[in-house]
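S.K.: Hints are included, so try docking the two chains, each in its own frame, into the full complex.
Residue numbers (this note's numbering), protein chains in the order written: chain A, 1 to 423; chain B, 1 to 274.
Take the hints with a grain of salt, since some may be wrong.
Think about it this way: if two alpha-carbon atoms lie no more than 16 angstroms apart in a straight line, the pair counts; the simulated EDC-like pairs of lysine to aspartate or glutamate are [said to hold, decoys possible]:
1. 411/A - 261/B
2. 391/A - 252/B
3. 377/A - 270/B
4. 228/B - 260/A
5. 311/A - 403/A
6. 311/A - 299/A
7. 219/B - 237/A
8. 377/A - 268/B
9. 377/A - 144/A
10. 143/A - 376/A
11. 228/B - 257/A
12. 146/B - 167/B
13. 377/A - 394/A
14. 143/A - 268/B
15. 411/A - 268/B
16. 143/A - 270/B
17. 225/B - 260/A
18. 311/A - 273/A
19. 377/A - 299/A
20. 311/A - 335/A
21. 265/B - 127/A
Hints listed in this document are in silico derivations from the structure and should not be mistaken for laboratory results.
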Amino acid sequence: MSEIRRRDPRREWIARNRLHPEHAAVLAELEGGAISEWLGPNGVIRKNPRAIGFIGPNGVKRIDRSGAQQGGQATGAARQEAQDSRRNVIIEDPAFLVTVVPELSGGRLSGHDKDLLGLARQLADADADRPGAVLAVVFGEHKEEGFGEAGIDRLLHINGDAYVGFAPEARLAALCAVERELAPRHWLLPDSPLGGADLGRRLALRLNERPATGVWQIEADGAAPLGWRCTARGAAESLDIQRPLPRVALALAECAEPVDETRHAAEPLSLSEAIPSALSRIEDLGQVAVDPAGVALAEAEFIVSGGNGVKDWDGFHRAAKVLGATEGASRVAVDDGFMARDRQVGATGTWVTARVYLAVGISGAIQHLQGIQSCDKVVTINLDPGCDMIKRADLAVIGDSAEILAALVAKVEQQRGGQRDAA
Amino acid sequence: MRPEQQGVDVAVLVSVGRHPITGRARRADQDARGLELALGLERQLPGSRVRLLHAGPRGEESESALRGYLGMAAGAGTGLDTLTLLEQAEGSDAIPALAQHLAAAPPQLVITGTRAERGEGSGLLPYALAERLGWPLVNGLAAVEKVENGVATVLQALPRGQRRRLEVRLPAIVSVDGAAPAARQSAFGPARRAELEATPVAAEPDQELAQWQMAPARKRPKRLKIVKAASARDRFKAAAAKAEGGSGQVLEGVSAEQGAEAILKLLEAEGVLR
Numbered sequence: 001m002s003e004i005r006r007r008d009p010r011r012e013w014i015a016r017n018r019l020h021p022e023h024a025a026v027l028a029e030l031e032g033g034a035i036s037e038w039l040g041p042n043g044v045i046r047k048n049p050r051a052i053g054f055i056g057p058n059g060v061k062r063i064d065r066s067g068a069q070q071g072g073q074a075t076g077a078a079r080q081e082a083q084d085s086r087r088n089v090i091i092e093d094p095a096f097l098v099t100v101v102p103e104l105s106g107g108r109l110s111g112h113d114k115d116l117l118g119l120a121r122q123l124a125d126a127d128a129d130r131p132g133a134v135l136a137v138v139f140g141e142h143k144e145e146g147f148g149e150a151g152i153d154r155l156l157h158i159n160g161d162a163y164v165g166f167a168p169e170a171r172l173a174a175l176c177a178v179e180r181e182l183a184p185r186h187w188l189l190p191d192s193p194l195g196g197a198d199l200g201r202r203l204a205l206r207l208n209e210r211p212a213t214g215v216w217q218i219e220a221d222g223a224a225p226l227g228w229r230c231t232a233r234g235a236a237e238s239l240d241i242q243r244p245l246p247r248v249a250l251a252l253a254e255c256a257e258p259v260d261e262t263r264h265a266a267e268p269l270s271l272s273e274a275i276p277s278a279l280s281r282i283e284d285l286g287q288v289a290v291d292p293a294g295v296a297l298a299e300a301e302f303i304v305s306g307g308n309g310v311k312d313w314d315g316f317h318r319a320a321k322v323l324g325a326t327e328g329a330s331r332v333a334v335d336d337g338f339m340a341r342d343r344q345v346g347a348t349g350t351w352v353t354a355r356v357y358l359a360v361g362i363s364g365a366i367q368h369l370q371g372i373q374s375c376d377k378v379v380t381i382n383l384d385p386g387c388d389m390i391k392r393a394d395l396a397v398i399g400d401s402a403e404i405l406a407a408l409v410a411k412v413e414q415q416r417g418g419q420r421d422a423a
Numbered sequence: 001m002r003p004e005q006q007g008v009d010v011a012v013l014v015s016v017g018r019h020p021i022t023g024r025a026r027r028a029d030q031d032a033r034g035l036e037l038a039l040g041l042e043r044q045l046p047g048s049r050v051r052l053l054h055a056g057p058r059g060e061e062s063e064s065a066l067r068g069y070l071g072m073a074a075g076a077g078t079g080l081d082t083l084t085l086l087e088q089a090e091g092s093d094a095i096p097a098l099a100q101h102l103a104a105a106p107p108q109l110v111i112t113g114t115r116a117e118r119g120e121g122s123g124l125l126p127y128a129l130a131e132r133l134g135w136p137l138v139n140g141l142a143a144v145e146k147v148e149n150g151v152a153t154v155l156q157a158l159p160r161g162q163r164r165r166l167e168v169r170l171p172a173i174v175s176v177d178g179a180a181p182a183a184r185q186s187a188f189g190p191a192r193r194a195e196l197e198a199t200p201v202a203a204e205p206d207q208e209l210a211q212w213q214m215a216p217a218r219k220r221p222k223r224l225k226i227v228k229a230a231s232a233r234d235r236f237k238a239a240a241a242k243a244e245g246g247s248g249q250v251l252e253g254v255s256a257e258q259g260a261e262a263i264l265k266l267l268e269a270e271g272v273l274r
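Isolated chain B (complex conformation) (with noise of 0.2 angstroms):
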């Protein structure tokens, strides 16, 4: 039996991030993420191309964080030395430019982070891709296991370090979050030697997103235990209570055979058992 050889053309939509402490322009990490997985993509099946593309503006901060993504494909071996960066003013809407541009070279696989590291940050760009471009949506990918007649086999991360396998039809898009492999060290060479291939695009100004009033995060108000009792020995007993289940069941005297019988109904019930 052959090995399929023929690669699959992936697109990774990668953003300018935001250090979570210093607040300096850095690539953001689940992007960072999107494009390692694009790479062990490559590596996977040969033949693969790797593309990367970004919609904003041009300035000296965001490029020097853009081209941390091209440091990352050093000594690859690959085709990633450009980024298409399609420029448009601040403040503008990025989702008709990519749309457009995917559409008149539409890749197999569009690879993007959940959600990005400055501005709204709302994480709805690849879903309105999907929905603009008709193609299915996969969310918090961990892995992709193969790629074979136009049909990826992916596992998708779930909380609680589960995993789901899936089956998903290409063309699609994909997005990454924490669970995906950890990004590669950029290197600082080779992501000064890479060329940006800038595209002035036309742009839509985000009116609304304009006319909403941003602020610096406040620290979220801690919730109350709220204690309703009349009288001042009803709330002592609440605020001196111990934790207790309330009705818990007891089974005392009773063989070994019936209580694993009583834990396996109760472990059953709860669908803990695979």
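Bound conformation, chain A alone (with noise of 0.2 angstroms):
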């Protein structure tokens, strides 16, 4: 059968209104036989409450009043498409350029570098007759796919060796590049200490500019040289400062709204010259091992967290030694006593951040789901596939705990002996 489902915009109008003659034959066709509502010998409606509504996913009788479902259901992948239609804009000859350089924290867009996106789609956009184009530039690796939803026009992937880790000399050859060859109008970074806080203010000082830093808020204003006022935040965040927007500003997350109505077309763009290699005094000799235990919890990077499904206590101190996790634990597992207090993962505990949490044998009361809210990636190793923390998942496995901890922990360790052989 073919995808595309027809409406019959007279049937449903039959369908709806009751005193069309032929209401109860269309009726009996659009439900699939089975009758609701007919008009009796005597001139009254008679109704059939067992042929109402329709089985629910989870085989659940449901009844919709909304109107939605009357003539002619909209299958869900149709629903969904009706909801993704964002506008496609693509800006063919910008008048400008505004150039943002993201944290891509994780190699993916953050939420702050997303906001500053908004920001920079406020400057471009400004003017609907004469756009200017949002500019990325993204040093090395990423695995980010929604760069166009994101609100970029043009990206500028840079990739080197030279570009990993700290190489602040580096990345600021290259956009002092991009000034000489673009001459973008604006500079955004993010205000983040992984990010711009740091290359941002770099930049403004080759280019001999006084930047504004920990920018919250902006506003038209004609009597500034590029056309805005803007609001940041100074001595240590008690001072609000009102000044005219520079060319390059530093602004902290939430300062606009992201972008969700347009897909703008992240055309790649590169460079004409060749980047100038710069010499650099600083070099990175890479990440030191920390304790992770030693990490704070609402901090740490990927936690593992063991709930009342955990019989194998040892294995999974065990599990999170080899994985280089920071344990964390639900309250029943505190409640019980196999892990300290100041390890509770929850709204009574801490609010974690982490990019993966690991939940074994967790069932995810609601408490813990708030917990972890603001977690990138959740795994879930569980007993009983039925349980909430399996629907906030990203990946869940669904089997016995301290089996599969044992392999994960096999695995990694046969890996890194791996790597030790061959080093």
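M.R.: Spelled out as structure tokens, the structure:
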């Protein structure tokens, strides 16, 4: 059968109009035989309550009185398509460029980056007749696919070994090459410790600009040189400074709403001239192994958390050690005395911000799910396939936690052993 | 093998801080951490010298705040009994005066806080000095591991409690933030006895800063969860919905090996295994 479902407005209208002579027949056709309403022999409307509604995805009968179901049901796929209707925007000949250097923590656009791109779109789209384009400069490898959805028109991907890790001098040289060749009107960077706070200040001073730092709001202002005025935080967050927006601005998180109505081209761009290699006086020797148990639970990057389903606690501790993860626990595990109170994750414990959260034997009470709201990826090992944690998880494995953790530890150790032999 | 016994010449740039609640002048937290780092370096490398440097106006309040730094060296048995004060009028630019002073007698290492607790507090000063002097700069320093042959090995603090090891060629500027070791107490007596060496310097007023409007920080508006829904039913569903991952993958009826394999793949893709 073809995927395309054609609507018949006339039939839908008849199905809604119960005074229509063909009403009963049309309704029977639409709902697969069972008629829920018909005109009785004495001119009274008769109803069959068993024929109303439809069988929901969990096998439970649902009655939808909102009208959404009436006359030709929209399938799930069709409805999703309707929700995903972003307007496509292509800016062929931009009047100016707004350059954004996202921090790309973990290889993806962070929430801060998306807010910043929203701010960039505000600057670019202010004049509808002469729109500017948003150019994103991305260093190194990334895993992001939604550059267009985030509001990027042009994407400059600068790849190379020189830009990996802490390489402010090489990155600065690349940004200076962008400045020379494309001369963007605005430079926007996130004021975040890992991303733009360092690079943005270096760039501003190299371009001989006095940047606005900690910007959290911009407003149009005809009197300012660039047509915008900004409000920035100063003096250890205790002052609001209002000033004209300079060319280089470092913005805080939630400075603007992220783009959600348009889809942009994210057209790849490359520089015509080669980027001069900068002599680096700073050498990155790589990250240092830190004791995961010493990292505060609230800011740990990778957490292995145990709950009521964990029976083999020695195996759990061993797995956390081998994986190099910080240990967390659900309330039950803490109450039963298997873990310390300061390791409790959830509304009454710690609200965690881990990038990867591995929940072992946790069914997912609502308080626990609140505590892991801001985690990126949730992996769970659980015996019960119907629990709430599985609905939240990005990857769920149904099975015995002790066996799976032991297998995971064996695999990791085998891999590390192999690497050591090779080296 | 003989360990390197030569010390390093360290200059710590200090500022007048502001207590977050009372608003009184105090030693700035990050600068005090920077001085703590320098004093630790002095213990680690005998023969090191620590200088304190401040540019700004001299007043009763700022003087007592600056003496807070001098009180930290009590009992350390060091030459830290003076602070060089480059005296300037209120509201003038500190960067040219500091750059000139540092260029005249260049130290090997300059330690500053990340950002000031008064004024603009943009955190630009270390970067401006690095640009003017042409020295490398490392931000967010947590510890100095060793200094050998004009190269310092340092640990940089990353978010989430991580550390990165860097090698930087001296002379260099480093800035410290909250990840550096906490500052020791300041002793009152030695702070009173220590001297402030004030030298008036030519100051350029900061014209641009004077034109900006400053106001006490307003609370930032909380972001609202905007639900774009056509019907009341959709709005209700959005308000009543539980958090859900959406496209979660569920592996049921697989062996422990296969399950572990899938988890390992995800952990590797996220790059959390080291």
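S.K.: Now tell me if each hint is right for this structure.
M.R.: Against the structure, the hints come out as follows:
1. 411/A - 261/B: Cα-Cα ~8 angstroms, so holds.
2. 391/A - 252/B: holds (14 angstroms)
3. 377/A - 270/B: Holds - the C-alpha atoms of residue 270/B and residue 377/A are around 9 angstroms apart, at most 16 angstroms.
4. 228/B - 260/A: Between residue 228/B and residue 260/A the Cα gap is close to 10 angstroms, so the pair holds against 16 angstroms.
5. 311/A - 403/A: With a Cα-Cα distance of about 11 angstroms, the restraint between residue 311/A and residue 403/A holds, given a limit of 16 angstroms.
6. 311/A - 299/A: Not OK: residue 311/A and residue 299/A at ~27 angstroms, beyond 16 angstroms, violated.
7. 219/B - 237/A: holds (10 angstroms)
8. 377/A - 268/B: Distance of about 12 angstroms is within 16 angstroms: holds.
9. 377/A - 144/A: The given pair, whose Cα atoms are some 15 angstroms apart, holds under the 16 angstroms limit.
10. 143/A - 376/A: holds (14 angstroms)
11. 228/B - 257/A: holds (14 angstroms)
12. 146/B - 167/B: holds (10 angstroms)
13. 377/A - 394/A: It holds: about 6 angstroms lies between the C-alpha atoms, which stays within 16 angstroms.
14. 143/A - 268/B: Holds, at roughly 13 angstroms.
15. 411/A - 268/B: holds (12 angstroms)
16. 143/A - 270/B: Judged against 16 angstroms, a Cα distance of about 10 angstroms means the pair holds.
17. 225/B - 260/A: With Cα atoms ~13 angstroms apart, residue 225/B and residue 260/A stay inside 16 angstroms; holds.
18. 311/A - 273/A: Distance ~62 angstroms between residue 311/A and residue 273/A Cα, so the pair is violated.
19. 377/A - 299/A: holds (15 angstroms)
20. 311/A - 335/A: Answer holds: residue 311/A to residue 335/A is near 15 angstroms, not above 16 angstroms.
21. 265/B - 127/A: Measuring from Cα to Cα gives roughly 47 angstroms; hence the hint is violated.
In summary, the numbered hints that this structure violates are 6, 18, 21.
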